[in-house]
Amino acid sequence: MFEIALSALLILSLLIFLGSGLWIGLSLLGVGLLAMAGFTSRPVGDAMATTVWAHTSLWGLASLPVFIWMGEILFRTRLSASLFNGLSPLMRRMPGGLLHVNIMGCATFASISGSSAATLATIGKVTVPELRKRKYPDRMAYGTLAGAGTLGLLIPPSITMIVYGVTVQESIGRLFIAGILPGLMLAGLFIGYIMIWGMVTEEGRRHREEPASWREKLQGLRELAPVAGLVVAVIGSIYTGIASPTEAAVLGVVGALAISALQGALTWESFRDSLLGATRTTSMIMLLLAGSAFLTLAMGFTGLPRALADWIGGMDLRPWMLIAVLTVFYIILGMFLDGISSIVLTMAVIEPLVRAAGIDMIWFGIFVVLVGEMAMITPPVGFNLFLVQSMTGRDIGFIARAAVPMFLLMVVAVVLLTAFPQIALWLPDVMTQRN
Numbered sequence: 001m002f003e004i005a006l007s008a009l010l011i012l013s014l015l016i017f018l019g020s021g022l023w024i025g026l027s028l029l030g031v032g033l034l035a036m037a038g039f040t041s042r043p044v045g046d047a048m049a050t051t052v053w054a055h056t057s058l059w060g061l062a063s064l065p066v067f068i069w070m071g072e073i074l075f076r077t078r079l080s081a082s083l084f085n086g087l088s089p090l091m092r093r094m095p096g097g098l099l100h101v102n103i104m105g106c107a108t109f110a111s112i113s114g115s116s117a118a119t120l121a122t123i124g125k126v127t128v129p130e131l132r133k134r135k136y137p138d139r140m141a142y143g144t145l146a147g148a149g150t151l152g153l154l155i156p157p158s159i160t161m162i163v164y165g166v167t168v169q170e171s172i173g174r175l176f177i178a179g180i181l182p183g184l185m186l187a188g189l190f191i192g193y194i195m196i197w198g199m200v201t202e203e204g205r206r207h208r209e210e211p212a213s214w215r216e217k218l219q220g221l222r223e224l225a226p227v228a229g230l231v232v233a234v235i236g237s238i239y240t241g242i243a244s245p246t247e248a249a250v251l252g253v254v255g256a257l258a259i260s261a262l263q264g265a266l267t268w269e270s271f272r273d274s275l276l277g278a279t280r281t282t283s284m285i286m287l288l289l290a291g292s293a294f295l296t297l298a299m300g301f302t303g304l305p306r307a308l309a310d311w312i313g314g315m316d317l318r319p320w321m322l323i324a325v326l327t328v329f330y331i332i333l334g335m336f337l338d339g340i341s342s343i344v345l346t347m348a349v350i351e352p353l354v355r356a357a358g359i360d361m362i363w364f365g366i367f368v369v370l371v372g373e374m375a376m377i378t379p380p381v382g383f384n385l386f387l388v389q390s391m392t393g394r395d396i397g398f399i400a401r402a403a404v405p406m407f408l409l410m411v412v413a414v415v416l417l418t419a420f421p422q423i424a425l426w427l428p429d430v431m432t433q434r435n
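First residue of the sequence shown? That's 1 in the numbering used here, and the numbers climb one at a time after it.
Treat the hints as calculated values from the structure; they're not laboratory data.
Because the structure is a prediction, the values reported are computed rather than measured.
Quick list of in silico lysine-lysine cross-link-like pairs, DSBU-like style, CA-CA up to 30 Å: (1) LYS133 x LYS217; (2) LYS217 x LYS135; (3) LYS135 x LYS125; (4) LYS125 x LYS217.
Okay, the calculated beta carbon distance ranges per label pair: (5) LEU184 x GLY19: 35 to 41 Å; (6) GLU209 x ARG78: 20 to 26 Å; (7) ALA258 x ILE16: 48 to 54 Å.
Idealized CB from N, CA, C, for every residue including glycine.
Make a model of the complete structure from these sequences and hints.
The structure is reproduced here in structure tokens:
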């Protein structure tokens, strides 16, 4: 009974903090402070200082600001135009036409940025005007862009995976490798949906573009070469064991600076803005991690995670039933929080349950990132929906309805990932055997 009352009090306190407009990281610190000061005998000041320092100075976090900086550099280049020019000749003859550029462009940029927002904004600033000019239906153009932008969370290098890996103390390199096949699977589902639309609807058949010449295709491949080289340098170096994630991030920054310089986009102003943008994003994530770490410690001292784990363990849920419950839980949570916030807010309680159920934490990381992607297109606080709204001027309700098919395809991806866990685990297992 005590645990139920304490849980209700802490949840109410968190809602009050968040409702007052307090930053999420500070809200987590506040709830942890309330729990530890009010319900334990542990000195609060020493515990907070030690925990916050220990969890924000981990070596695994060293790659976080570097990957973020790489994305910020690339966001300020003309890479979006290069991606569109390179992918258009290869994609436009497919059923669905240039809508495929939304998917493949986002998948490609996601593999070198790690950020959903940067991915969507970079690709959208070129594809939105081009698709409008060619009179593609807004519903398809904006819906596929909102959905494809979420690939920035799943396809490595993913900032969300770094946060998850540090939070549960799992290998970031294995998480990166585990995200490759699920990311390609989700992109394939999106492409399949566009192809079906392009073949079975009259509107879709009208937008079958003329085939490109071999010269145009070769020119397109030349435009894509710098991006392909950067992907190989970052992901290939991790997969082959040549570099750790942190070292691969440094390679990525060097490559991003080289691309920016070759395109003539590297100026003192763009360099400074990229550093400031990376600093702001990193500071926000570090505050979230600090708040989450202290709340985890406080919750541990109160005994709530153990009590909750015992309660759910007594329900004798099978692993797939637990995953189904957590899917619904994270979808509901995603209506109000972004993916990273959802992970750091809940992992103190969820991690013991998942480990007790015998679920592989690498697999669960891919699952929770995939469900976190749903939060990006779930109203009322779907961040990708607001990004697309700011780029297009359409109302949020229209964009949310346009993104519904993409949301349902993500549900299909969760089902496939649960039914066939090797989609996420096969590549990491291969990498382990090779090493």
